[in-house]
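Quick note on numbering: our numbering labels position 32 of the sequence shown as 32, and the sequence is numbered without any gaps.
Treat the hints with caution; some may be incorrect.
Claimed, not checked - The list that follows gives simulated cross-link-like pairs (lysine to any residue, SDA-like), each with its CA atoms no further than 25 angstroms apart:
| # | residue 1 | residue 2 |
| --- | --- | --- |
| 1 | K149 | D136 |
| 2 | K101 | C71 |
| 3 | K105 | C71 |
| 4 | K111 | D136 |
| 5 | K105 | T95 |
What the hints assert, rightly or not - Just the calculated beta-carbon pair ranges, DEER-fashion:
| # | residue 1 | residue 2 | range |
| --- | --- | --- | --- |
| 6 | D36 | R113 | 16 to 24 angstroms |
| 7 | V96 | R135 | 33 to 41 angstroms |
| 8 | E21 | N123 | 16 to 24 angstroms |
| 9 | G28 | N123 | 31 to 39 angstroms |
| 10 | R135 | P62 | 34 to 42 angstroms |
It should be emphasised that the hints constitute simulated quantities derived from the structure, not laboratory data. C-beta: ideal position from N, C-alpha, C; glycine also.
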Amino acid sequence: MEPHDEIENVLPPDALFWAMEPFGPPLGEAACSTWDPTRFSTPQEQQAAFDGEPNAPEHDMPQARAMCCTCPLLDSCRRYAHDSRDDHVFLAGQTVEERRKKWRKPGEIAKRRRRVAELYVLNVPTATIARLLQRDESLIRSDLRQLGKNRSHVPLTT
1 MEPHDEIENV LPPDALFWAM EPFGPPLGEA ACSTWDPTRF STPQEQQAAF
51 DGEPNAPEHD MPQARAMCCT CPLLDSCRRY AHDSRDDHVF LAGQTVEERR
101 KKWRKPGEIA KRRRRVAELY VLNVPTATIA RLLQRDESLI RSDLRQLGKN
151 RSHVPLTT
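Please build the complete structure, drawing on both the sequences and the hints.
What follows is the structure, encoded as C-alpha cells:
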C-alpha cells in the first residue's frame, strides 16, 4: 500500500498535494504564459521548451531564456525555483541541471521541514509523514522538535 492511500480519503481535496508541494508558483502574468510567435513557431514548441523538453535545444533554450529576461515575474520565479526545487521544468531562465548545481543541503532541509509542518497541520501521523517523505521517522520527529511541535502520533481526523 502506498503511503498516500491511507490518508487520501480523510483529507480535504488537494490538501495532500499542497502539503507535499507547499511552494506555489508566482502569481501574475508571466512572459511564458502567452505564446510568443517571434520566438517559437508554435505554442506547443514554446510549451515543450518550458516543460524542459525542447524540440531543438540549441534554438529553443536561448529563446526561452530571452523570454524569462523580459518577464515581470522573474524575481519571484527565481525564488519559487529555488524554494520548490522543481526538478522537471525550465524556470527563471535556467534548466533543471543549472539550478541543481546551486542546491545546497540547507535548502533540502528547509523544504522537508516545510512539508513536515504542512502535514502536521493536517494531523497526519508521524509514521505516515515519514513514509510520504521517504525518511526515517526519527528524522521527522527531529524536524517537529525543530519546528516547535511535540507529538509522535496524532490520528487522522476528518
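Evaluation of the provided hints:
1. K149 with D136: Holds: K149 and D136 sit about 17 angstroms apart, inside 25 angstroms.
2. K101 with C71: holds (23 angstroms)
3. K105 with C71: violated (29 angstroms)
4. K111 with D136: holds (16 angstroms)
5. K105 with T95: It holds: about 20 angstroms lies between the C-alpha atoms, which stays within 25 angstroms.
6. D36 with R113: 16 to 24 angstroms: Because 38 angstroms falls outside the window, the suggested range is violated.
7. V96 with R135: 33 to 41 angstroms: Since V96 and R135 have Cβ atoms about 22 angstroms apart, the given range 33 to 41 angstroms is violated.
8. E21 with N123: 16 to 24 angstroms: holds (19 angstroms)
9. G28 with N123: 31 to 39 angstroms: holds (33 angstroms)
10. R135 with P62: 34 to 42 angstroms: holds (39 angstroms)
When held up to the earlier numbered hints, the structure conflicts with 3, 6, 7 and fits the remainder.
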